[in-house]
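Going down the list, the sequences are from chains F and D. Residue numbering for the first sequence follows our numbering, starting at 99 and increasing by one per position. Residue numbering for the second sequence follows our numbering, starting at 624 and increasing by one per position.
The set of hints was computed from the structure by calculation and includes no laboratory data. Accuracy of the hints is not assured; some may be wrong.
Stated by the list, open to error - Among the chain D residues that face chain F by a calculated CB cut under 10 Å, a handful are:
(1) V804
(2) L808
(3) S910
What the hints assert, rightly or not - Okay, the calculated bits of chain D under chain F, using three or more residues with CB under 8 Å as the criterion:
(4) 745-751
(5) 784-793
(6) 814-828
Just so it is clear, CB atoms sit at the ideal spot from N, CA and C, and this is done for glycine as well.
Residue strings, one per chain:
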Amino acid sequence: MADRLRRPAIRLLRLPALAVGFAVCVTAGLAGSGSEPPQYAFDEWAGLVERHEPGTLDEAALEISQWSPRQLSLDVLRPISGRVRDPANLRLLRLGAMLHADIAMLVPDEDLPPATTSRSRVIMSDDGRTQGFGARSVHLQVGQLILDRMPADPTTERFGYLWYRATTAWLARRYRFADLAPHLSAARSRFSDDPAVQFDTGCLYETYASPRIQYVRDAVRSRGMGTAVPSHDASLQLAERYFSRAVSLDPQLVEARIRLGRVIGLQGRHDAAIEQLEQALAVTGDPLLQYYGHLFLGHEREATADTAGARRHFERARDLFPTAQSPHLALSRLARVAGALPGALDALAPILVLPADQVQRPDPWWVYPMGIGRMETALVEDLRRFARAER
Amino acid sequence: MVAARIAPSVLAAVVAGGLLSAQSQRPTFSTRVDAVRVDVLVTGDGRPLRGLGPADFEVLDNGVVQNVTLVSLEELPLSVVLALDMSGSLAPEEAGHLRDASLGLINGLRPRDEAGLITFSHVVTQQQALTADLARVRAALDRPAPGGGTALADAAYAGLTLTESSDNRGLFVIFSDGLDVSSWLTADQVLDSARRSNGVVYAVSVGSTDGPRPDFLRELAEATGGSLLEAESTENLEALFVGILDEFRLRYLLSYSPRATTPGWHDIEVRVRRPGVVVRARPGYVSSPVGR
Chain F
99 MADRLRRPAI
109 RLLRLPALAV
119 GFAVCVTAGL
129 AGSGSEPPQY
139 AFDEWAGLVE
149 RHEPGTLDEA
159 ALEISQWSPR
169 QLSLDVLRPI
179 SGRVRDPANL
189 RLLRLGAMLH
199 ADIAMLVPDE
209 DLPPATTSRS
219 RVIMSDDGRT
229 QGFGARSVHL
239 QVGQLILDRM
249 PADPTTERFG
259 YLWYRATTAW
269 LARRYRFADL
279 APHLSAARSR
289 FSDDPAVQFD
299 TGCLYETYAS
309 PRIQYVRDAV
319 RSRGMGTAVP
329 SHDASLQLAE
339 RYFSRAVSLD
349 PQLVEARIRL
359 GRVIGLQGRH
369 DAAIEQLEQA
379 LAVTGDPLLQ
389 YYGHLFLGHE
399 REATADTAGA
409 RRHFERARDL
419 FPTAQSPHLA
429 LSRLARVAGA
439 LPGALDALAP
449 ILVLPADQVQ
459 RPDPWWVYPM
469 GIGRMETALV
479 EDLRRFARAE
489 R
Chain D
624 MVAARIAPSV
634 LAAVVAGGLL
644 SAQSQRPTFS
654 TRVDAVRVDV
664 LVTGDGRPLR
674 GLGPADFEVL
684 DNGVVQNVTL
694 VSLEELPLSV
704 VLALDMSGSL
714 APEEAGHLRD
724 ASLGLINGLR
734 PRDEAGLITF
744 SHVVTQQQAL
754 TADLARVRAA
764 LDRPAPGGGT
774 ALADAAYAGL
784 TLTESSDNRG
794 LFVIFSDGLD
804 VSSWLTADQV
814 LDSARRSNGV
824 VYAVSVGSTD
834 GPRPDFLREL
844 AEATGGSLLE
854 AESTENLEAL
864 FVGILDEFRL
874 RYLLSYSPRA
884 TTPGWHDIEV
894 RVRRPGVVVR
904 ARPGYVSSPV
914 GR
């Protein structure tokens, strides 16, 4: 099931044009359903689901996008409980989950009805600074709740897996970490032994340990507010746990091993990190994964005072992506530390003459925090293809 | 004097008869290097103190008093590298303020001085290499458009290294309104490079009321004897930038040949034989053996 992870992902290197904002604080939940009697507009919802073409922002998607969270809870989620027992309804419910995923992915947040409870509020951050509040995606929660109430027949299991992988990739590409945490928690409940889901969770905690998230965590805590983001050290420990589980379930999951090596190294266990990274590099031919592996291995070699080894790995990374700035910076600094200013300038020179446009000089390091988000396009298309075949 | 071979990174200038040789843009460092430069700001009552002579200074290298030469600044042009944060958090109006401030600083340079321009988001770009043709630097200021993340440590390293590409007296001015979210290099790695640098860093930070701040820019400036200037907005940046240049011209450049040249960190202590003055200088330098 982790096929997508093993495929080369070299073509998915561009940063999303506007995806610098992300959400950190998670408290979660659709509007409470309360004790009022349901309105039973389920049939109207079902009709719109049948009319929706997966992957398009059609009238059916636009209409349901304007339903309030409360209406969705009362008119969709509550009646579903009584209908999942009939196998004849399962196809409709799968298409319903597809429709709500499409609304989440295709309708801008500002065009949706506002969240009705403070429990769904998340903190938005841009460039390491908090930018006010946003809301968790109601429609991904609806899709998730529909799937969670369905029995585990083979078709639904297959669809559910594609649904979680695609929506996880979509969230990861947009750095919507507040949505990702509960999303992945639900995915793990359903697919507890799946290495890719373990991998995605490891990526989440690895990113939680990064400065971009820890800055926001510190800012939030300094205001006396709570956050579900663990500390830097705790995040690294959790990342290591999930990556370890991923490679134990699938030893060929190379990116999980590379990331495992990195987070081990960040915890100061450099020899163990080198072992993991070398093991990963020995079996992958994917240039992107090789780039990450050599970059991190260079860093670990430097940490163990093996300057020649560090230089060798940084040079390999540079040769894989000649316009990427990170290996050039690393090589320049190595020369600088050795006392060779001309060497430091020579290593720096190639990237300084490049244009400012990131598209003309991609550095895979920039998209590293996305994790599975790099494969969003392919995974979302897999899901929609499956749904179209069901119509 | 012990004539050991010292890593050129910390001893990038050769002193001869009290004047720095500034003949080459890319000096060769394979031969003997025997001078440590210390750029010093002396203030009294908050203002730079003028007119000090060599006899007013006492410099200790790892506790050992050195024979100090005071370099004539009239003989020594400046090399100023600007590194400007053009990440997405900078509004267009703020980018305009930053451009005007940079122009103000460039316009204060003298005919033999050089300037260069780096901009950065998550991408570090040299918009203009160090040049004495200041019109090219002014033109380069029109190019950048804000967008993207912030690779502050990467940009700081690149700017600091470029500042040292000339034998001139190096001033590195780095502006940022954001937090580092994209760098490959770590803050510690760049601070280590700063301790090996002869350049002086003046850092300008804007808009920093958002909770606890990382101290990278402050530590970077202090490692070179420079300063961190914090502003609430970009509106008064021009006065700040021009003030940096004015203050830099009132600093003193000391040079000495170390009496002891053991590899590793050397503490530098600069004393001024005047009452009530404040001295700001790099706290030390890193000396490593050549050929490592």
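Checklist entry - Counting residues of the region 745-751 of chain D whose CB is closer than 8 Å to a CB in chain F, do you get three or more? => result That given contact holds, which follows from 6 residues of the region 745-751 of chain D lying within Cβ reach (below 8 Å) of chain F.
Next on the checklist: Hint validation: L808/D versus chain F, beta carbon distance must be below 10 Å. Holds or violated?
Outcome noted: 6 Å, holds
Checklist entry - Hint check: is the beta carbon of S910/D less than 10 Å from a beta carbon of chain F? => result OK, holds: S910/D within 10 Å of chain F, min 9 Å.
Checklist entry - With a Cβ-Cβ cutoff of 8 Å, does the region 784-793 of chain D contain at least three residues near chain F? => result Our answer is that it holds, as 4 residues pass the Cβ test (under 8 Å) against chain F, meeting three.
Checklist entry - Once the shortest beta carbon distance from V804/D to chain F is found, is it less than 10 Å? => result This interface hint holds because 4 Å falls under the 10 Å limit.
Checklist entry - Mind checking, does the region 814-828 of chain D have 3 or more residues with a CB under 8 Å from chain F? => result holds (count 3)
Violated hints: none; the structure is consistent with every hint.
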